[in-house]
Amino acid sequence: MSRARVRLLQALSIAVLLVGWEGIARGGWVDPLFVPAPSAVVRAFGRIGAPALAGLGDTLVKTAIAYVLSVVLGVAGGILIGSVQAVRQAVNPFVIALYGMPKILVLPWIVLLLGFGSAPAVVYGTIHGLFPILVLVTGAVRDVDRGLLTVARAFGARRWQLYWKVVLPAIVPTVLAGMRLGVVFCLLGVLIVEMFAGVRGMGYVMSSLANGFQAPELFAATALVSTASIVIVVSLDALNERLSHWRGDVR
Amino acid sequence: MTVAVIRAGLLLAVLAAWEIAGRLGNPLLYVPPSAAVPALVRLLGLQSYPDLGEHLLLTLREIVAAYGLAVVAGVACGFALGSSRLLGRAYGPLLAALYAVPAVVWYPSLMLFFGLDAASKIAFGFLLGFFPITLAVLAGIRQVNPQLVTVARAFGASRATVFRTVMLPSMLFTLVGGLRTGLALSVIGVIVGEVLGSKAGMGSLLNHAYGLFRTADYVALVLVTLVLIVGSDAAASVLEHRARRWTE
Amino acid sequence: MSELIVVDAVDKRYRTSSGPVDALRGVSLAVGAGEFCTLIGPSGCGKSTLLGMLAGLVQPDGGRVLIDGRAVDGPDPRRVATVFQDAGLFPWRTTLENIEFGLELQGVPRERRRAVATELLGPLGLRPFAGKYPRELSGGMRQRVAIGRALAIDTPIVLMDEPFGALDEQTRLLMGEWLLDIWRRTRKTVVFVTHSLHEALALSSRVVVMTARPGRLKAVIELPMPYPRLMESADLVTLRAKLWSEIREESLRSMGET
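Protein chains in written order, with my numbering: chain A, 113 to 363; chain B, 47 to 294; chain C, 183 to 440.
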């Protein structure tokens with residue numbers, strides 16, 4: 113069974129899906145008000161192009177800010193919690209509980225607190241992205257090879273050198289994995305706030321299109337934001353691959 | 047022992063800080079725990095929302111419907127994809143690629159298609175629960191030792207017997223984990239759907255309380271919903287442990 | 183011969199879940215400059231604990247450890263370098279970068295430390311592997327990188343905790359010969375922990391036999407014969423028998439305990 117056959121089947125399935133969908137829509141078997149034909153969706157791209165791209169840009173900027181905050185806070189917090197046993201024992205159960213808690217419950221409160229601007233989206237996106245990174249990094253720091261720390265101490269490493277030369281390089285793969293996971297969560301958080309109480313951004317654009325029953329435009333917008341998300345994740349994967357190659361990891 | 051004391055102390059400190067912040071801050075924005083408790087009593091006494099029971103029941107029904115559909119479709123889809131290596135290799139990555147998209151992007155389309163009532167919440171809960179279940183079935187099938195299947199067939203076992211005696215025990219561990227994740231996500235899906243737009247259900251009550259600045263009632267509603275969510279996960283966890291014991 | 187390392191009536195006890203364990207009791211030892219001193223004894227006799235004290239990684243509960251007349255109160259990379267049992271290489275560093283590690287911690291400029299590490303590649307037999315990562319190296323090569331890392335900081339004392347313990351017999355013999363060659367050229371003071379009678383006899387100028395737990399000194403055997411040594415020579419055969427009878431007794435005791 114070759115790679116080519118798998119690829120062919122994938123491409124064929126997507127093509128059949130699109131063509132079948134188009135046929136069903138044109139044949140009048142479904143209400144075009146709810147399920148527009150793919151060709152109508154493509155045409156809708158032209159109509160929503162500029163505002164949708166502006167909305168996407170707005171969403172991505174908020175996501176980027178939330179992402180940077182998540183990574184910085186997650187890695188710093190994870191190093192603190194992971195490397196100080198007393199802090200870990202006291203705080204970790206709460207972190208795990210917060211990680212597992214459905215964040216949707218605090219959404220209205222955050223909007224109440226921070227209003228309708230970009231702030232609630234950034235904060236809510238950060239809450240989503242932060243915890244997976246925090247939990248992963250905490251575990252990785254706790255599990256850093258004790259032997260390597262002993263070696264570094266034997267060679268006279270000071271405290272900051274232990275962190276800089278041993279702990280940080282040792283957790284790089286985990287941080288990268290957390291960054292891959294976190295970005296989708298950040299985008300999720302930002303989109304939810306925009307749908308809930310947005311005045312701008314892709315989530316707002318999409319929920320207005322849904323409320324206005326503009327199905328082709330809504331499908332086009334959905335395709336746009338999905339593509340953006342996949343592109344971001346795939347490029348993070350590619351970056352990860354290159355970094356691990358550079359680090360000499362063997363898969 | 048000391049750790050437990052520190053943890054309890056930390057929890058008390060957080061509650062105390064919350065109490066102080068709540069009393070000093072704008073009462074519309076911050077609710078101290080001392081005000082949340084009476085609000086909870088009023089809520090449970092059906093004073094603040096007399097129809098709490100109906101909303102709770104609706105949310106529960108949505109969850110059951112969404113999860114039931116997700117289990118049926120996820121298991122069926124997982125076995126269909128797992129039955130052939132070609133199908134698994136072709137569609138597995140496509141399914142995984144959908145994981146790279148935040149699921150909430152599908153919600154406006156579902157709302158457009160199914161309307162503001164229960165159907166769109168069920169659809170979203172289904173969508174969120176479906177993926178982990180399908181992927182768990184696929185992963186579980188990969189854990190089955192094909193040699194054992196061959197041996198069982200050679201001894202004349204029927205397909206059904208092979209499934210019951212060989213496949214199910216070896217994939218149960220992964221499968222049950224996926225079913226639990228699926229439940230958690232179906233629950234979240236339904237509640238997210240309700241918060242983002244609905245006329246009934248716990249999410250709509252949360253929105254109502256928030257919209258009218260009834261912040262204390264909002265906190266009480268959050269606590270009740272949290273019990274629902276944590277309770278469903280706890281039940282799933284009990285079942286999970288039981289199933290895993292049975293495998294060993 | 184001046185006494186570079188002095189261990190004076192040292193005790194160490196560890197607290198474990200099943201009560202305190204005496205690792206070392208009243209151990210005294212002096213090692214002169216340029217010696218190759220080997221510690222040998224049954225598993226759990228505290229050899230590694232003693233070595234850890236010399237490295238400044240373990241604090242004694244009683245007694246004192248002096249190096250060059252000064253009490254050891256922590257790792258001192260200007261005087262002592264350590265080679266660990268499982269190599270302990272940093273997986274994200276290449277051979278060269280691992281060898282440079284100690285110099286890097288001391289703030290030696292990049293060109294300077296690169297030059298020192300490159301110089302060492304030849305005698306380590308690692309020239310073709312300068313840019314490889316540890317996982318791309320064999321066990322013997324990894325151990326040579328670890329030794330290179332210790333040699334790079336050019337301390338008068340090198341401690342080795344069963345450096346060849348994880349290697350197969352052939353590699354072990356070759357590594358022993360190689361180490362002997364390095365030692366005779368650099369004339370460092372080596373304290374070496376091993377399980378292997380052969381290693382002890384082939385390499386050491388002195389062998390210290392330790393007792394089963396709690397670790398004490400049982401016997402000290404001087405080996406004045408020249409290198410390279412022929413294991414079949416009469417005096418080594420006699421010494422081997424003597425050493426074996428000392429160790430055998432302790433190993434039996436330690437086996438009986440478990």
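It is worth saying that the hints were derived from the structure and are not from the lab.
Certain hints may be false.
[Claimed, not checked] The following label-pair restraints were derived from C-beta to C-beta distances:
#1 A:Val199 with B:His287: 24 to 32 Å
#2 C:Ser225 with B:Val49: 48 to 56 Å
#3 C:Pro310 with B:Asn191: 50 to 58 Å
#4 B:His287 with C:Gly244: 31 to 39 Å
#5 A:Ala289 with C:Ala297: 48 to 56 Å
#6 B:Leu57 with A:Leu293: 44 to 52 Å
#7 A:Ser347 with C:Arg309: 35 to 43 Å
#8 C:Gly244 with B:Val49: 54 to 62 Å
#9 A:Val128 with B:Gln189: 27 to 35 Å
#10 B:Phe201 with A:Val199: 35 to 43 Å
[What the hints assert, rightly or not] Facing chain B, according to a computed beta carbon distance under 8 Å, are these residues of chain A, among others:
#11 Val128
#12 Val256
#13 Leu260
#14 Leu261
#15 Leu299
#16 Phe325
#17 Thr334
#18 Ser341
Note that CB positions come from ideal geometry on N, CA and C, so glycine has one too.
Okay, the hints, checked on the actual structure:
no. : hint                               : in the structure
1   : A:Val199 with B:His287: 24 to 32 Å : 30 Å, holds
2   : C:Ser225 with B:Val49: 48 to 56 Å  : 34 Å, violated
3   : C:Pro310 with B:Asn191: 50 to 58 Å : 43 Å, violated
4   : B:His287 with C:Gly244: 31 to 39 Å : 50 Å, violated
5   : A:Ala289 with C:Ala297: 48 to 56 Å : 37 Å, violated
6   : B:Leu57 with A:Leu293: 44 to 52 Å  : 28 Å, violated
7   : A:Ser347 with C:Arg309: 35 to 43 Å : 39 Å, holds
8   : C:Gly244 with B:Val49: 54 to 62 Å  : 32 Å, violated
9   : A:Val128 with B:Gln189: 27 to 35 Å : 31 Å, holds
10  : B:Phe201 with A:Val199: 35 to 43 Å : 57 Å, violated
11  : Val128                             : 12 Å, violated
12  : Val256                             : 22 Å, violated
13  : Leu260                             : 27 Å, violated
14  : Leu261                             : 23 Å, violated
15  : Leu299                             : 5 Å, holds
16  : Phe325                             : 6 Å, holds
17  : Thr334                             : 5 Å, holds
18  : Ser341                             : 5 Å, holds
The earlier numbered hints that this structure contradicts are 2, 3, 4, 5, 6, 8, 10, 11, 12, 13, 14.
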